[in-house]
Every structure is written in C-alpha cells, then in structure tokens.
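Visitor: Sequence:
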Amino acid sequence: MNSKTTYYSKMALFYLNRKVYALLISVLLAFSAGCELQETNFIQPTPIALEATDITSANFTASWEPVLGSDIYYIDVSPDSDFASFVSGFQSLEIHSTSVIVNGLSVEETYYYRVRAKKGNTISGNSNIISVETGLLPAPVALNASDQKVFEFVANWDTVDEAASYLIEVASDSGFTNILSTYNRKEVITNSILVEDLDYRLTYYYRVLTKRLNKTSAYSNVVRVDPYITKDCKLSRILQPSGYEVAFAYNGDGQISTINYAFTGSPALERWDIHYDANNRLDSVKYYYANILTAEHKLNYSDGVLVSMETFKPLYSSSEVSEFIYNSNSQLTGFRKYDVPIGNVLIYEDYELDEDGNVTRVLNSDGQQTGEFKYDINFNPKVLIPFGIRQFITDDFSGFSHRPYHGISNPVYAKGNFIPSDPSFFEEEVFIYDINERDVAYQRRGYYGLQYEFTGCNF
40 MNSKTTYYSK MALFYLNRKV YALLISVLLA FSAGCELQET NFIQPTPIAL EATDITSANF
100 TASWEPVLGS DIYYIDVSPD SDFASFVSGF QSLEIHSTSV IVNGLSVEET YYYRVRAKKG
160 NTISGNSNII SVETGLLPAP VALNASDQKV FEFVANWDTV DEAASYLIEV ASDSGFTNIL
220 STYNRKEVIT NSILVEDLDY RLTYYYRVLT KRLNKTSAYS NVVRVDPYIT KDCKLSRILQ
280 PSGYEVAFAY NGDGQISTIN YAFTGSPALE RWDIHYDANN RLDSVKYYYA NILTAEHKLN
340 YSDGVLVSME TFKPLYSSSE VSEFIYNSNS QLTGFRKYDV PIGNVLIYED YELDEDGNVT
400 RVLNSDGQQT GEFKYDINFN PKVLIPFGIR QFITDDFSGF SHRPYHGISN PVYAKGNFIP
460 SDPSFFEEEV FIYDINERDV AYQRRGYYGL QYEFTGCNF
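The opening position of the sequence shown corresponds to residue 40 in the working numbering, with each subsequent residue numbered one higher.
Treat each hint with caution, since some may be false.
Label-pair ranges, simulated between beta-carbon atoms [as the list claims (entries may be wrong)]: (1) 352 to 320: 20 to 26 angstroms; (2) 488 to 331: 27 to 33 angstroms; (3) 161 to 124: 46 to 52 angstroms; (4) 124 to 229: 31 to 37 angstroms; (5) 94 to 270: 49 to 55 angstroms; (6) 227 to 297: 44 to 50 angstroms; (7) 306 to 344: 35 to 41 angstroms; (8) 263 to 125: 44 to 50 angstroms.
The hints are simulated quantities; they were obtained by calculation from the structure and are not laboratory data. From the three backbone atoms N, C-alpha and C, an ideal C-beta is built for every residue, glycine too.
Can you make the complete structure from the sequences, with help from the hints?
Guide: Listed below in structure tokens is the structure:
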C-alpha cells in the first residue's frame, strides 16, 4: 500500500507542474504581444558623432560610434547650426555603416552634421552636433608648354579633383602687368588650352587658378615660354628656280655682314656689305656690282627708328633720299624716294595695314590704289631679315623686290602696278607655299618660286 500511495502522489505533482508551466508560458506570450510596439527612447541609445576626417575644399568624411543593435543610421548635414536648411541629398540620409563621405560642398564654408540610430521601428534622438570647415581650393601645378609653333603654344597644368574649372592668365612679362586681353583669367574646363595669335618675338608667361562656384585658389607656379623663333634662327640662303640665289653671311654678333647674289656655284655678281655703328645698329650699306662700288647707303634714325636713308651712286654722281613713315604703333605706313637735288618723286607709296601690320593696299600720291595684297596665317621667313635690310633683297616678283614692307605673314595674292617708272605695267598673281609643322614657310611654289634655307632654327 505504501508504494502505491507514493506512486499516486508523484503523478499528481507532475500533473500540477504541467499546469503551472503552461500558465506561465501563456502569461509571457501575452505580455510579449502587448509590449512589442511599446519600446521607448530610453531603450534606444543616441549615437555619438565624431570629428570629421579627410577634409578637403569639396568634401569630408562624417563618422560616429556604433549603437549596439543598430545597423541603420540617418544623417543630416546643414550649412546652418540650427539645421534650417540642408545640403542637397543629406537630409535624413539613410546610411548602413558608421561613416559617409559628404560632398558637393562649397570652399571655406562651415557645415554641421548630426546622426540618429534606428533599431527595429524605433529611431533615437539626434546625436551631438559636429561642425566642419571645408578647406582652401588647391592650386594647380602649371606644366611646361607643348606643341609650340611660331604664333601659338599649348599651356598645360595638372588636374585638381575639387576643380569645376580653371582660370588662366597669359602675359608678356613675368610680373603679369601686361596680361593678354584674350587670356585674362580665361575660364577653361580642361587642363590645357591653345594660346594663339602671339607675337613671334616675345617671351610669354602663364599661371593658373582652380575655380569652383565663386571661389578660386591661389595662383599656380609660373611657366615661361620663350619664342619659338630664337635669336639664333636665321636665313642662310634664298634660292630661285633660275639658279640665282641670295646668300647671307653673319658676323660674330649674329648680324648680317654680307649679302651675295650669284648663280649657284659661281662667284657673286652682286654684293652688299653691311656696317654697324658702335651701338650695333645698322649704319651703312655698300653695294658692289662685279666688285665695283655702285651705291652707298647711309641710314638715319630718330629715337631709334629708321626714318630716312641717303643713297649716293658714285658712277653717276647722283644721290637719292628715301623716307620711311610710321603710325603710332611704329608700323610702316608710307615710303618715299626722291632724287637729289632736283627733288623728283621716284616712289610715293602709302600703305594700309591689317591687324598684324601686313600691307594690304598700296596707294599713290593721289590716293589711288596701285597695289593689293592678301596673306596667309603662317610665318614669312623674310621677317628674319632685319627691317632696314629688307629693302635690299631682290625677288622674282616685282611687287616684293627691293621693298621695305615685307610683313610677318606670307603674301598669297598680289595685284597692281609695282614698277612706278612704267605706268602701264600690271601684274596679278597667286602664291602657294609649303609650310612645315611649326607654321613656317620653307618654299614658295610656281613661276615666282623661292626656296628658303635656315640655320640655327628649331625646325
């Protein structure tokens, strides 16, 4: 009997425990169901925002400490400390990490950011606020010029990641007091630009700034670009199809000392001996034909500018005076030649010029047009001959022979009467040139052809 009594007691206790356990489970489930959406902020910690890193002029990295159990955060970025407005794209921006790159910012501006954490359906309050000041725009590094030609070069600089564009200045002096109007903070969106329409005789300088919105960087370093046609670049010969050639000899100072006219391989039939004064300025020229002194020319200056030339011809005991007339830019606009002492006008020419100083029209004393010229955009090698000497250079074409007005560019068209002593004489010609990769003519083709040979040049 005792054993049976014990058996029934254990069964009753087991039954009672099952009832209590089921009741407890029901209570817990009911409590859980009733409280599932009742989490409050004290359960969700607020993130701690950290100081920004990787600050540039355009962006920075915002970061914060992780919140246990949270894998979603919301960040606000504002230019206002009270968050009255927001940086585009950064109002409650959802982030699945503890940092984000904030971009699209202005240079040297203060920004503010704050963060919230999310766990389940609950979002915390705002974190502490971090202020960030963006940096200065980096200045670019100006690089050496490339693709240089006679009248142009390509200016280069490195790329600045924060740049929206660049501003370039090009000047004819290292102090940038003479900035070219076309390149006075010219805005460029790439990291190079073609600088053109230059004076082949000048040294140029350029510098660059970075720009974004209304902010600019400091200046880059300055790059110097020396003339492509250096002082050592000279004409050595001009060859004509007939075999006649003009050969130039130079003295130790690099100045033309002798001009010889001859058929190739033969002794010089004509010769000009060039003399300079103590200041190395062209002073006089003596002309010999078959080694006989035929003419002596004395050049006269005013304020360093050639204004007249006296010519004496000993074989004929005659004299002539030539006058050179200029505009305010020191460009030749007229030429006169008189015999002495009678004063008869041998040549009377006025010149109209294009913007580069090339003669486009020749007018007589009555203002009537006697000549017309058109030009290409390439370099005329005759400009390598000093101005005072150009009038002694012959040419197969009468309009170019013994004329002082050879311009920077090559004449491609000529029409008119270029022999004043023969009013009935008239010519009209078109000229074609072979041009090298640096925009220098090295040959004129056709009936009035010429071939230029150079020494000391970069081509």
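Visitor: Now tell me if each hint is right for this structure.
Guide: Here's how the hints hold up against the structure:
A hinted range of 20 to 26 angstroms for the beta carbons of residue 352 and residue 320 is consistent with their spacing of about 24 angstroms. At about 30 angstroms, the CB distance of residue 488 to residue 331 agrees with the hint of 27 to 33 angstroms. Our hint of 46 to 52 angstroms for residue 161 and residue 124 is violated, since their Cβ atoms are close to 27 angstroms apart. Separation of residue 124 from residue 229 is about 33 angstroms and conforms to the stated range, judged on CB atoms against 31 to 37 angstroms.
Take residue 94 and residue 270: their Cβ atoms lie about 51 angstroms apart, and the range 49 to 55 angstroms holds. The hinted range of 44 to 50 angstroms is satisfied by residue 227 and residue 297, whose Cβ atoms lie roughly 49 angstroms apart. Range check, residue 306 to residue 344: Cβ separation about 37 angstroms, and the 35 to 41 angstroms hint holds. For the pair residue 263 and residue 125, the beta carbons lie near 48 angstroms from each other, so the given range of 44 to 50 angstroms is met.
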